[in-house]
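> So the chains spell out like this:
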Amino acid sequence: MTEISGGPRRFARRPETKGVRRSWLGSSVDVASLVFFRVAFGVVMLAAVGRYFAYGWIDSLFVRPRFFFAYPGFEWVQPWPAWGMYLHFAALGVLAAAIVVGCFTRTALAAFALAFTWVHLLDKTIYLNHYYLVSVLAAVMSLLPMGAAGSVDAWRAPERAAARVPAWVVWVLRIQLALVYFYGGVAKLNADWLVHGQPLRIWLAARGDLPLLGPWLELPWMAYAFSWAGAAFDLGIAPFLFWRRTRLLAYGVVVVFHVLTSLLFPIGIFPWLMIGLTPIFLDPGWPRRVHAVARAAGLPAMARAARAAGASAGRVAVVRGERAIVAALALHLALQATIPLRTFVATDDVAWTEEGFRFAWRVMAMEKAGTTTFRLRDPATGLSWKVDPRAELTPLQASMMATQPDMIADYARHLAAEARRAGRGDVEVRADAWVSLNGRPSRRFVDPEADLAREARAPILPRPGD
Amino acid sequence: MISRTILATAVAVLALTATADAQLCGDADGSGAISVTDGVRVLRAAAGLGECELARCDADGSGAVTVSDGVNVLRAAAGLGTPTGCPTGGSLGPRRTFLRDLASAGAIAGYRALASEAAALEVAVGDLVTAPGGERLALAQAAWRATRRAWKVTEAFRLGPSEAQRTSARIDWPSANTGQIDAEIAGGGALSSAYLDTLGAQKVGFQAMEYFLFDPVGGVPGAVDRLLGNEDARRRAYLQALATNVRERTEALRDAWEPGGGNFGDDFVASGIGGSTFASLKEAFDEVVNRMIFTAETVEENRLGAPLGVDGGGARPDLVESPRSGDALAGIAANLQGIADVYRGTYTGGQATGLGAQVAPLSAAIDAEVRALLTDALAAVAAVPEPLADAIVDHREEALAAYEAVQRLRRALTVDVASVLGVKLTFGGNDGD
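Protein sequences, first through last, are from chains A and B. When the first sequence is numbered by the numbering used here, its final residue is 466 and no position is left out of the sequence of numbers. When the second sequence is numbered by the numbering used here, its final residue is 1433 and no position is left out of the sequence of numbers.
Quick look at which bits of chain B chain A covers, simulated, 3 or more residues with Cβ under 8 Å:
#1 1274–1282
#2 1304–1315
#3 1359–1372
#4 1414–1422
Derived lysine to aspartate or glutamate pairs resembling EDC-like cross-links, with alpha carbons at most 20 Å apart:
#5 A/386 with B/1311
#6 A/386 with A/451
#7 A/386 with B/1397
#8 A/386 with A/447
#9 A/386 with B/1404
#10 A/386 with B/1297
#11 A/386 with B/1301
On the chain B side, residues computed to face chain A include the following (Cβ under 10 Å):
#12 1271
#13 1286
#14 1301
Derived by calculation from the structure, the hints in this document are not laboratory data. Heads up, the beta-carbon is just placed ideally off N, CA and C, and yes, glycines get one too.
Next comes chain A alone, as it looks inside the complex (with noise of 0.2 Å):
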């Protein structure tokens, strides 16, 4: 695992200026970055956990749902009593702190990263892309040397400080930001937002209310620009971060973009947590210029925060098993890149069949809703009766479940299950379900003949000409 380097035999194996060492890899980059990189995630996921506990989030979305729709694999996955619940979110929010300011740090992220995901699997309704990130974040970082400065580890043990760290491991966080963007930009490469500018259309003109942008955003052609706008942002803003010319400017690109969806949209911590992590795009050092500019310009404060981001010498930090971690690391990129091109085979349109939807990076690309009922039937009498799932699912739940095929069918299974145990034998069942997507008229989603109860994923019927 990763260890923060404490003696000089090892700084001797790792060179302290740039250039030294041959390799791309070998390379080492000022820690300054990283440490932004560590304290914006770490304040960032407490805000998100302290939003859990101010919107009552703990008890709608994990105490009040009677019935969870557990991933595959994950049904050991249960949720806590409801004070356990509590608990967890509370611990969340000490971890949250504990990677603020670097306690403990590579325990903080491993924990974070496993609770914060553990709560995730309790319910695929509650399915979000950038929850998905915070637990791959979390995970990845948990292996990187992120304590080892500006921190209370680093405090703790000035030996162990680093002002320097393996260039790989900047990389390896810029890389898996990048990947989200791409993905994000390459779900928006489809008819429907490039010719029709839906679902933009759709959200726009909802926020017409706006002071002083709203009239303008029930104007017909702002769906356009900003569909455009927001495809060509996904799919360039990465290449033109990485480039060292034009990644300042980016970065403020990056900055207006994501204050404007945070004003447009509901999307609650993403757009605060990308501003705060695509720093790390940006040159190792430009923490330590913005302590030199602060302190040049008489910010003591803003000089002593820069400061705090970087130790002193120009130590590297040492990575135990630095060889195993980057191929793992490595391995866990490709898998990033690969796994959401995994739609392309399942589906030519993820959009309404949702086949592999989930763990692909397809941030705000559609509106979909739906409405599903489900009639069961007893074949041994022929009785047949409708169920309603909101009289069991929260509304959240109801709503999420009804656009999706998987979610349908686990329903569907678990009336049946339900059936069984209050005595009425195998029954079968069948949805109703209707969906409309991107502003079309709505349709029939699942095949209405096929008995649920028997089925791993609802037969979806074709999506509907334009």
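Knowing the structure of chain A, use the given hints to seat chain B on it.
Using the frame of chain A, we list chain B on its own:
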């Protein structure tokens, strides 16, 4: 390069600001809100002491900035109205224009009509209890039906004062508890409207009145007979108090919306720009759509589906609303008409901007489909013969067709309309991406 970008951004922001400010009628100084300063500015412009563009200052749409406009703006600044006449067509924006028309042509006009029908009902009931007879009973029954239908039409936009005053529960609880009503008659309570306000919902309102006015077994003679005798004095008093109570409740509702009363109409239109009930235009708009959907769902599940026994178990005539009068289908039709009015803009107060005008620019296909479904649902309900309690058994096919037509309509409103308007929780109950 960077400085050019910053400059361009600043120019764009200024341009946005200048243009967007023109959207609020009465906001003479473009501050984003209507204040006394705006009123003074309009008055100065009216006196030739300054300039003010019509799009902001011609509050009454007369084509010129006059003292009258200044007064209107000052009234708005004091919370006494919302100027809407500025000649820019879309000065309010499409969704606020929809709310304005819903408030004026739909709600205020609708509640005026309701209160008027309720007043006529009170008079008719007064005539009946004064001298019970078949003819007067028929008039009272007709007035009851008309008042109930006027109420049912307004259920499609049952929000604001209606919810605050719990009007629905107080005048239109789904069923009456006749045993408890008989107990009240047998008791010693002063049977006044004020006393009825203290009783439970199952002892007041339309369903309680129906108990007195309709006798499915004895017919007109039976109903009249139960009001005639000296021993029936408390029955007559109860019925009179019920009619008065309904009249008072509906008037309170009307007054809450009236500009000269609670002025909820203006408060509603000013959502997000000074209105006190809804924090934003979106919140108010979403509430309207959700109310409409809720009404459709109530019709589908409670008023048609439950009696038909679509959840299994066969027909349930005991679940039909207003079973004594056989007015269930008329109530359902009025509910659907209310939904159609909100969607098409065909309000009691005249043709105005409906919800469909918001849907059509975003999806002409959905708009066309919803309009067709409204027509289908109204026709399907009209094709079911009253009373519904019999139809669910004797004309089950027609009744099921009506149920399915309403179901299709509800589905289109819930999924298509809400989705295309961004009304549902677009990104789910927590954050979304």
